[in-house]
Amino acid sequence: MATTTATLTLSSDMLSSPISISASSTLMKAGITEGLELIEMGRGTISEADASKTAEFGLGTALGVDKAAKLFLVNKATDPTYYIDVDIHDTNIGRLYAGDWMFIPWGINDVASEIVIEAEPAGATCPYEFALFQEPQTLVDHS
Amino acid sequence: MATTASISISSDITENVPFSVNASMTMYQAGTTLDLEETTGLAQRTFSGNTTQVVLIDVSANPAITAGAGGHKVYIRNTGTDKTKGFKIFLADATDDVEEIGTLYGQDWMLMPWLASDANEDIMVQPSSAEKMTIEYAVFHQ
Chain Z
1 MATTTATLTL SSDMLSSPIS ISASSTLMKA GITEGLELIE MGRGTISEAD
51 ASKTAEFGLG TALGVDKAAK LFLVNKATDP TYYIDVDIHD TNIGRLYAGD
101 WMFIPWGIND VASEIVIEAE PAGATCPYEF ALFQEPQTLV DHS
Chain U
1001 MATTASISIS SDITENVPFS VNASMTMYQA GTTLDLEETT GLAQRTFSGN
1051 TTQVVLIDVS ANPAITAGAG GHKVYIRNTG TDKTKGFKIF LADATDDVEE
1101 IGTLYGQDWM LMPWLASDAN EDIMVQPSSA EKMTIEYAVF HQ
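Respectively, the protein sequence lines represent chains Z and U. If you count by the working numbering, then the first sequence holds residues 1 to 143, one letter each, in order. If you count by the working numbering, then the second sequence holds residues 1001 to 1142, one letter each, in order.
Please keep in mind that the hints were generated in silico from the structure rather than gathered at the bench. Treat the hints with care, as some may be off.
Said to hold, decoys possible - BS3-like, lysine-lysine: derived pairs with alpha carbons at most 27 Å apart: (1) U:1085 / Z:53; (2) U:1085 / Z:76; (3) U:1132 / U:1085; (4) Z:29 / U:1088; (5) U:1088 / Z:53; (6) U:1132 / U:1088; (7) Z:53 / U:1132; (8) U:1132 / Z:76; (9) U:1085 / Z:29; (10) Z:29 / Z:67.
As the list claims (entries may be wrong) - Take a look, some chain U residues computed to stay more than 12 Å from chain Z by CB distance: (11) 1017; (12) 1033; (13) 1048; (14) 1052; (15) 1058; (16) 1060; (17) 1061; (18) 1111; (19) 1128.
Beta carbons are placed, not taken as given, at the ideal position from N, Cα and C, and that holds for glycine.
Isolated chain Z (complex conformation) (with noise of 0.2 Å):
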């Protein structure tokens, strides 16, 4: 089986009683404990001259019902202004500026569940990161 292990270790120190936080999770298939199978990763740029994009990575469609994914994405841009606008489908989930990752669960299960970037704001180009975790989707006859 294959393991992909995702760990996070978050601190801070703006309460007097800083908080720090460590999480380590090994990601399995929906719901059964068998490893993710599928792994897509690579490096992109886009600028603010190229509107909202589709992401080229992991398009989602009815054959993604029901199954786990997981996304991590990161700004490489090194302009603190500069940022990365992260969308599903038409929903802002929020900006990713200069240096900043994410990590999610990604719910690939429809045609309105892809991920849509955009560069932010004029004049800016970020290039980003990403790596795709997921399981098989479900396979259909050849037609």
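Following the hints, put chain U in place on chain Z, whose structure we already have.
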């Protein structure tokens, strides 16, 4: 007042080309290199006898967050160990349209940016089981 987060992912899905990625970030205010200065602290909520979708993080309960789009970050973890049970995580947009993000099974965690520029942009969860399930979460915001 620094808040930092590091991720390490390793995988042997591709047997001959082992994969690993490491990334670290300091959480800054939007468009600056000024540290985030506020947090909800680490919170925990336990569900029992409930499999309906409920609000976990209410934007309206955090007025400072809705002051405008910022560099907010949200951490959520399913503290259970049962990989057969999960929390579906949802996010609403300004028009109150709800989108599913994905499911956190036992021990799964997530860290994501959060726009939270409108009172409707709450984060909701839905337990898959009526049995006792616990989730922990924290918001780091401007």
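Here is what the structure says about each hint:
1. The straight-line distance between the Cα atoms of residue 1085 (chain U) and residue 53 (chain Z) is roughly 34 Å, outside the 27 Å bound, and the hint therefore fails.
2. For the proposed pair residue 1085 (chain U) and residue 76 (chain Z), the alpha carbon gap of about 35 Å is over 27 Å, so the pair is violated.
3. For the proposed pair residue 1132 (chain U) and residue 1085 (chain U), the alpha carbon gap of about 10 Å is at most 27 Å, so the pair holds.
4. Straight-line distance between C-alpha atoms of residue 29 (chain Z) and residue 1088 (chain U) comes to about 15 Å, which keeps the hinted pair within the 27 Å bound.
5. At most 27 Å may separate the alpha-carbon atoms for a hinted pair to count; residue 1088 (chain U) and residue 53 (chain Z) meet this at roughly 26 Å.
6. Restraint check for residue 1132 (chain U) and residue 1088 (chain U): satisfied, since their Cα atoms lie roughly 15 Å apart, inside the 27 Å limit.
7. A distance of roughly 41 Å separates the Cα atoms of residue 53 (chain Z) and residue 1132 (chain U); the hinted pair therefore is violated under the 27 Å criterion.
8. Proposed proximity of residue 1132 (chain U) and residue 76 (chain Z) is contradicted: the alpha carbons are some 40 Å apart, above 27 Å.
9. Using a Cα cut-off of 27 Å, the hinted pair residue 1085 (chain U) and residue 29 (chain Z) holds, with the two alpha carbons roughly 12 Å apart.
10. In summary, the hint linking residue 29 (chain Z) to residue 67 (chain Z) is supported, as the alpha carbons are separated by about 7 Å, within the 27 Å threshold.
11. The claim that residue 1017 (chain U) is not at the interface with chain Z is violated, since a C-beta of that chain comes within 12 Å of its own (minimum 9 Å).
12. Residue-level check failed: residue 1033 (chain U) sits 5 Å from the nearest beta carbon of chain Z, not beyond 12 Å.
13. Under the 12 Å C-beta cut-off, the non-interface status given to residue 1048 (chain U) relative to chain Z holds; the minimum distance is some 20 Å.
14. Its beta-carbon lying about 18 Å from the closest one in chain Z, residue 1052 (chain U) satisfies the requirement of being farther than 12 Å from that chain.
15. Every CB of chain Z lies more than 12 Å from the CB of residue 1058 (chain U), the least distance being 16 Å, so the non-interface label holds.
16. With a cut of 12 Å on Cβ distances, residue 1060 (chain U) stays outside the contact zone with chain Z, its closest approach being about 18 Å.
17. Even its closest Cβ contact with chain Z, about 18 Å, leaves residue 1061 (chain U) beyond 12 Å, as expected for a residue assigned away from the interface.
18. The claim that residue 1111 (chain U) lies off the interface is violated: its Cβ sits roughly 6 Å from the closest Cβ of chain Z, which falls inside the 12 Å cut-off.
19. For residue 1128 (chain U), the condition that its CB be more than 12 Å from all CB atoms of chain Z is violated, with the nearest at approximately 8 Å.
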